[in-house]
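*Asks:* Next come the chains, spelled out residue by residue.
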Amino acid sequence: MATWDPLDVESLQRQVNQAFERYGPQFPATFRTAFLPGRAAREYPLINIYDDENTVYLEALAPGADPASFNISVVGDTLTLSGEKRRAAGDVKPEAFHREERAAGKFVRSIELPVEIDESKVKAEYKNGLLLITAPKSEKAKPRQISVQVA
Amino acid sequence: MAEKTMAAASGKQMATSRENTRAQERYIQPPVDIYETPEGLVLLADMPGVAPNDLTIRLEDNILTIQGKAKHAIDSEPIYREFELVNFFRQFELSDQVDQEKIAARLNNGVLMLELPRAEKAKPRQIPVKVEVVKEAA
Numbered sequence: 031m032a033t034w035d036p037l038d039v040e041s042l043q044r045q046v047n048q049a050f051e052r053y054g055p056q057f058p059a060t061f062r063t064a065f066l067p068g069r070a071a072r073e074y075p076l077i078n079i080y081d082d083e084n085t086v087y088l089e090a091l092a093p094g095a096d097p098a099s100f101n102i103s104v105v106g107d108t109l110t111l112s113g114e115k116r117r118a119a120g121d122v123k124p125e126a127f128h129r130e131e132r133a134a135g136k137f138v139r140s141i142e143l144p145v146e147i148d149e150s151k152v153k154a155e156y157k158n159g160l161l162l163i164t165a166p167k168s169e170k171a172k173p174r175q176i177s178v179q180v181a
Numbered sequence: 029m030a031e032k033t034m035a036a037a038s039g040k041q042m043a044t045s046r047e048n049t050r051a052q053e054r055y056i057q058p059p060v061d062i063y064e065t066p067e068g069l070v071l072l073a074d075m076p077g078v079a080p081n082d083l084t085i086r087l088e089d090n091i092l093t094i095q096g097k098a099k100h101a102i103d104s105e106p107i108y109r110e111f112e113l114v115n116f117f118r119q120f121e122l123s124d125q126v127d128q129e130k131i132a133a134r135l136n137n138g139v140l141m142l143e144l145p146r147a148e149k150a151k152p153r154q155i156p157v158k159v160e161v162v163k164e165a166a
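Heads up: the sequence lines are chains Z and P, in that order.
In this text, residue positions in the first sequence follow the numbering used here: the first is 31, and each later residue adds one.
In this text, residue positions in the second sequence follow the numbering used here: the first is 29, and each later residue adds one.
With the rest of the complex left out, here is chain Z (with noise of 0.2 Å):
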């Protein structure tokens, strides 16, 4: 049930958000895949969630991380995910340096995942530069098949 409220600020922020997503300037490609900790504006690592009927799969983009310093915490249906990108030659004077585009530094982020899961279960892999989370879902998350009788 939805009424129109001209005051109804969120929801004509989300309309004009949603209007720029579809139809303003695209950020570069370069943005989108950039691993940018300690540099950029925004929370990193980037994260794309993935589901299948039983299990949520959390990607995360994160380029050069130390594996070591990985931090994942799940606490409910919010996992914590920290970690450290270090700078690769911390002993290179900054006037060795021709080009620096790279960022380092120290990074977490909550994420509020979509279903409930089993926090007992959870699994992280690091592997070429993406940090792949495997959770399964809470058994009262999990897809029930009803049967309709008929009467």
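Worth flagging that the hints you see were computed from the coordinates, not collected in a lab.
Keep in mind that a hint or two might mislead.
[Said to hold, decoys possible] 27 Å max Cα-Cα, derived DSSO-like pairs, lysine-lysine:
| # | chain 1 | residue 1 | chain 2 | residue 2 |
| --- | --- | --- | --- | --- |
| 1 | Z | Lys-153 | P | Lys-99 |
| 2 | Z | Lys-123 | P | Lys-149 |
| 3 | Z | Lys-136 | P | Lys-151 |
| 4 | Z | Lys-123 | P | Lys-130 |
| 5 | Z | Lys-151 | Z | Lys-170 |
| 6 | Z | Lys-123 | P | Lys-99 |
| 7 | P | Lys-158 | P | Lys-130 |
| 8 | P | Lys-99 | Z | Lys-157 |
| 9 | Z | Lys-151 | P | Lys-97 |
| 10 | Z | Lys-157 | P | Lys-149 |
| 11 | Z | Lys-136 | Z | Lys-157 |
Got chain Z; can you put chain P on it based on the hints?
*Replies:* Relative to the frame of chain Z, chain P by itself:
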């Protein structure tokens, strides 16, 4: 090197530029760091989602081409999306100060590391200065 990035589709380098009419894929330039060490240059490029087998590094007419096919960890449509992986492509022009035979590449956690050693003739050499004590005439 490092001073000049070749535009991917520049008309001059037909031999190395990509085919524009056929290629359906989109490409972006990976961000790179290039720094100098006593041995030569080191290039680091963030290329998330690229498996070692999907990375091509070519050297032709002093043009170094880095090309990588990026793949998501899960092959299905996400329910929530913040990033897309597209293919990477970037070219650099090398000077003859780089020893092209000895370029080494490593791909680690989505970061490509290219080591470009200096050619022997370009290595700095210390030239000892002999100081002769000249006796001044009194």
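*Asks:* Now tell me, hint by hint, if it's right for this structure.
*Replies:* So, going through the hints one by one against the coordinates:
1. As the CA atoms of Lys-153(Z) and Lys-99(P) are separated by approximately 20 Å, the hinted pair is consistent with the 27 Å bound.
2. Of the pairs offered as hints, the one joining Lys-123(Z) and Lys-149(P) holds, with about 24 Å between alpha carbons and a cut-off of 27 Å not exceeded.
3. Taken as a hint, the Lys-136(Z) and Lys-151(P) pair is broken in the structure, with Cα atoms around 37 Å apart against an allowance of 27 Å.
4. Under the criterion of a C-alpha separation no larger than 27 Å, the hint pairing Lys-123(Z) with Lys-130(P) is consistent with the structure, at around 24 Å.
5. Between Lys-151(Z) and Lys-170(Z) the CA atoms are separated by roughly 15 Å; this keeps the pair inside 27 Å, and the hint holds.
6. With a CA separation close to 34 Å, the supplied pair Lys-123(Z) and Lys-99(P) exceeds the 27 Å bound.
7. Note on Lys-158(P) and Lys-130(P): the hinted pairing is violated, with a Cα-Cα distance of about 35 Å set against a maximum of 27 Å.
8. A hinted pair counts as satisfied when its Cα atoms are at most 27 Å apart, and Lys-99(P) with Lys-157(Z) qualifies at roughly 11 Å.
9. Taken as a hint, the Lys-151(Z) and Lys-97(P) pair is broken in the structure, with Cα atoms around 32 Å apart against an allowance of 27 Å.
10. Taken as a hint, the Lys-157(Z) and Lys-149(P) pair is broken in the structure, with Cα atoms around 40 Å apart against an allowance of 27 Å.
11. For the hint linking Lys-136(Z) to Lys-157(Z), the alpha-carbon distance of about 19 Å falls within 27 Å, and the restraint holds.
This entry does not satisfy hints 3, 6, 7, 9, 10, going by the numbered hints stated previously.
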